[in-house]
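K.L.:
Build the full structure now, drawing on both the sequences and the hints.
Protein chains in written order, with this note's numbering: chain F, 1 to 222; chain R, 1 to 222.
Hints in this document: simulated from the structure, not taken from any laboratory.
Computed from a predicted model, the values in this text were never measured in an experiment.
Do not take every clue at face value.
Put simply, identical chains are the same to the list, so a pair is met inside one copy or across any two.
Below, computed lysine to any residue pairings styled on SDA-like, alpha-carbon distance capped at 25 Å [claimed, not checked]:
hint, residue 1, residue 2
1, 156, 137
2, 205, 152
3, 36, 5
4, 2, 103
5, 4, 109
6, 2, 102
2 protein chains.
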Amino acid sequence: MKQKLTISIQDYLKIIYELTESGESASTNALAKRMKISAPSVTGMIQKLASSKPPLVEYQKHQGVTLTREGRRAALEVIRHHRLLEAWLVQTLGYSWDEVHEEAERLEHVISEDFEQRIAAAMGNPDRDPHGELIPTADLKMPVDESLPLSALRPKQSATIQRVQSSDTDLLRYLESLGLVPGAVIEIKAYSAFDHNLTVRVGRKSAVLGLNITSRIFIEKN
Amino acid sequence: MKQKLTISIQDYLKIIYELTESGESASTNALAKRMKISAPSVTGMIQKLASSKPPLVEYQKHQGVTLTREGRRAALEVIRHHRLLEAWLVQTLGYSWDEVHEEAERLEHVISEDFEQRIAAAMGNPDRDPHGELIPTADLKMPVDESLPLSALRPKQSATIQRVQSSDTDLLRYLESLGLVPGAVIEIKAYSAFDHNLTVRVGRKSAVLGLNITSRIFIEKN
DNA sequence: AGAAAAATTTAGGTATACCTAAATTTTAGG
DNA sequence: CCTAAAATTTAGGTATACCTAAATTTTTCT
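P.N.:
What follows is the structure, encoded as structure tokens:
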């Protein structure tokens, strides 16, 4: 019979998806670090995921994991829940984009499909969450993302912010205070090759941003 | 240190409160039946609740349990979550009163205090859920309920329905179809001493209701 | 009162999902 | 290329919250 998707399993699948998506490999250590649990715990769980029927991940010892088709579907379901919830907390309860993550993190595992459909419909089936992240469709396809990291831009180039890949409250508040939110139009004023700092203009304000930030903001060139 | 209020513990406390409230004793068997788990599991858990610091229940072997002050506070917190959620699912997502229970049952354990406050405020701090059940206040006091079971009425008496104590989808749908919802004004047309059936008029319709139903509908006399 | 029935508890066991310590495998640097 | 460091896995253990079977206590009924 089918593996029960416990909250813990849902979390693993989601994180594996996110790591893979962002180009990193879903290694035991990467998962352990991201989930704040020990490496042996991760090994145990990925072995379980790999030997479940049907398998949710592809796994070869010492080589990390990739999601199977079933694993990916389950991951996208959780991610859809998470991102719809974030959008909805902002739109209907007045949460700000730095407050939604934690709440969505807990709710994502317990809402019904009916609830998912109701909030999606109530919002007119949005395609992005408050951070600009794409929301998987109801049939669990992830829309193609065309954005580039802000760190790829150089002086004189202009772009529009598409999404901000962070759940760090302080960073999000800082970015919001600068106007660096999805939809904002920016222009690169300077680049420092030594530390990869970018000077970015938004409206009348300018800010110098380190790679730590510029690699988490995704844009499309204008 | 304080006992962590796991989902399981929250469920026990809630059920103990509800059983006690409705006059039944919170015995091992009653809990087991209501929670659909085995009696030995209940014994194990109530022993744990009784010996936690501070104790959440008062317990003497073979005598069932009652909530301590701390246990009652925790129970009321869960019940407040549950009832606010039910109200809110109806008011903002178009759920009907027979659909809300299951969803609220899962959400009640994971919402933050912030979320609780936001939905309460958004609804103008309602004092009743969609079934007419009283919602514990933000400082965790349960308002006093003055209602009587419908089963206590006799022919010629008239009353207003205050609350319907049920989460049974089919029953709730049936009652709604008859107009037997909170706020409805009813009049007793007949009583059968043999089976305790009551004939109840609501608007132009009349229905004959068994004790199973009349003991779960609570009214105030007009 | 005493025996049968019912309720409850004890004893012993399972699955999940963590943990640390130690062993092993892979990777990277001289 | 070979050894030290890093990554990963194995081994063995914990807490939570369930379970069944058997023992015990309480209640009920004649």
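K.L.:
Run every hint past the structure and note whether it holds.
P.N.:
Okay, the hints, checked on the actual structure:
In this assembly of identical chains, residue 156 and residue 137 lie within 25 Å of each other by CA distance neither inside one copy nor across copies; the values are 36 Å within and 58 Å between. For a Cα distance limit of 25 Å, the shortest separation of residue 205 from residue 152 inside one copy, 21 Å, qualifies, whereas the shortest one across copies, 72 Å, does not. With identical chains, the CA atoms of residue 36 and residue 5 are at most 25 Å apart both within one copy (20 Å) and between copies (22 Å). In this assembly of identical chains, residue 2 and residue 103 lie within 25 Å of each other by CA distance solely across copies; the values are 23 Å between and 29 Å within a copy.
Both within a single protomer and between protomers do residue 4 and residue 109 lie at most 25 Å apart by alpha-carbon distance, with minima of 13 Å and 20 Å respectively. In the homo-oligomer, the alpha carbons of residue 2 and residue 102 lie at most 25 Å apart only across protomers (23 Å), although the nearest pairing inside one protomer, at 29 Å, exceeds that limit.
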